[in-house]
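> Chains as they are written, first to last, in my numbering: chain A, 105 to 153; chain B, 17 to 231.
Derived by calculation from the structure, the hints in this document are not laboratory data.
Worth double-checking, as some hints may not be accurate.
[Claimed, not checked] With beta-carbon atoms standing in for the labels, derived distance ranges:
hint, chain 1, residue 1, chain 2, residue 2, range
1, B, Q119, A, A137, 43 to 51 Å
2, A, A147, B, Q175, 26 to 34 Å
3, A, A146, B, L185, 17 to 25 Å
4, A, A137, B, D90, 38 to 46 Å
5, B, D22, A, A147, 43 to 51 Å
6, B, V59, A, K124, 16 to 24 Å
7, A, K133, B, F136, 46 to 54 Å
8, B, L95, A, E132, 43 to 51 Å
9, B, D201, A, K123, 12 to 20 Å
10, B, V65, A, K123, 53 to 61 Å
C-beta: ideal position from N, C-alpha, C; glycine also.
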Amino acid sequence: MPANQWPPIQPTPLKGKLKKEDIIRAVEKVKAARLKAEAEKAASRPASK
Amino acid sequence: MRPAYDDNVFINCPFDEAYRPMFRALVFTVHACGMTARSALEVDNGAEVRIEKITRIIGQCRHSIHDISHTDADAASGLPRMNMPFELGLFLGAKRYGGPRHQSKTCIIFDRERYRYQQFLSDIAGQDIRAHRNDPAELIRSVRNALATMRPARLPSGQLIREQYEAFLLEVADVCAEMQLDPEDLGHRDLAEVIIAWLERNPGHPRSISGAADE
Numbered sequence: 105m106p107a108n109q110w111p112p113i114q115p116t117p118l119k120g121k122l123k124k125e126d127i128i129r130a131v132e133k134v135k136a137a138r139l140k141a142e143a144e145k146a147a148s149r150p151a152s153k
Numbered sequence: 017m018r019p020a021y022d023d024n025v026f027i028n029c030p031f032d033e034a035y036r037p038m039f040r041a042l043v044f045t046v047h048a049c050g051m052t053a054r055s056a057l058e059v060d061n062g063a064e065v066r067i068e069k070i071t072r073i074i075g076q077c078r079h080s081i082h083d084i085s086h087t088d089a090d091a092a093s094g095l096p097r098m099n100m101p102f103e104l105g106l107f108l109g110a111k112r113y114g115g116p117r118h119q120s121k122t123c124i125i126f127d128r129e130r131y132r133y134q135q136f137l138s139d140i141a142g143q144d145i146r147a148h149r150n151d152p153a154e155l156i157r158s159v160r161n162a163l164a165t166m167r168p169a170r171l172p173s174g175q176l177i178r179e180q181y182e183a184f185l186l187e188v189a190d191v192c193a194e195m196q197l198d199p200e201d202l203g204h205r206d207l208a209e210v211i212i213a214w215l216e217r218n219p220g221h222p223r224s225i226s227g228a229a230d231e
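Modelling step: build the complete structure from the supplied sequences, incorporating the hints.
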């Protein structure tokens, strides 16, 4: 296959230094999922008298 | 603003898989205390001779943490691992002969048991050797208490840092998955960046009160 038919090489997060904003975004996404799960768990508990 | 030198902590410890839980706890605690963990793992530059990289990092760090607990003979070769005692000696040499800037260097030295070092590294007798008993929780508490004597800023308690670390461990795999990273294969720099970001987005992070400077 001629070289010019290969798909372009995409940059991947696995290469090079991590971007701080990407890490922050990932941390916030995981934190939001945890808070949501905790809220759902709390809402599903029967109300105490 | 404190200069980076005053907040840099040289980490001299084993880098093998068996020590990884201790290493992560160590790096997390240093950052939770508003300081910056530095180690020979942070740069993978084949053009830089290892000893030059180590001495360069030592020159940039006022503080250091040395773990001499894994100097046992290697199972395959039968020979002891001397890198940790050697780098401790380099750091002490820099403190002794490095000029005024380096005279205030500090060392925190760990072993599995407090007086075991007397059998293989008696030249450091008289220094305060701390025991971590291969327990990350004990390492966190002990590192925090030692750093508290070196920092002008108020530090979170060892208990809080331990709880934060346990919470971090619950989330780090998901954080890495979001970034297509393997949590078992994080390099030192990536690990430190993830820890710093996690601490910034979770309560109790001391950087906001320490005034520590980023490098």
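> If you test the structure against every hint from before, which numbers come out violated?
Violated hint: only 10; rest satisfied.
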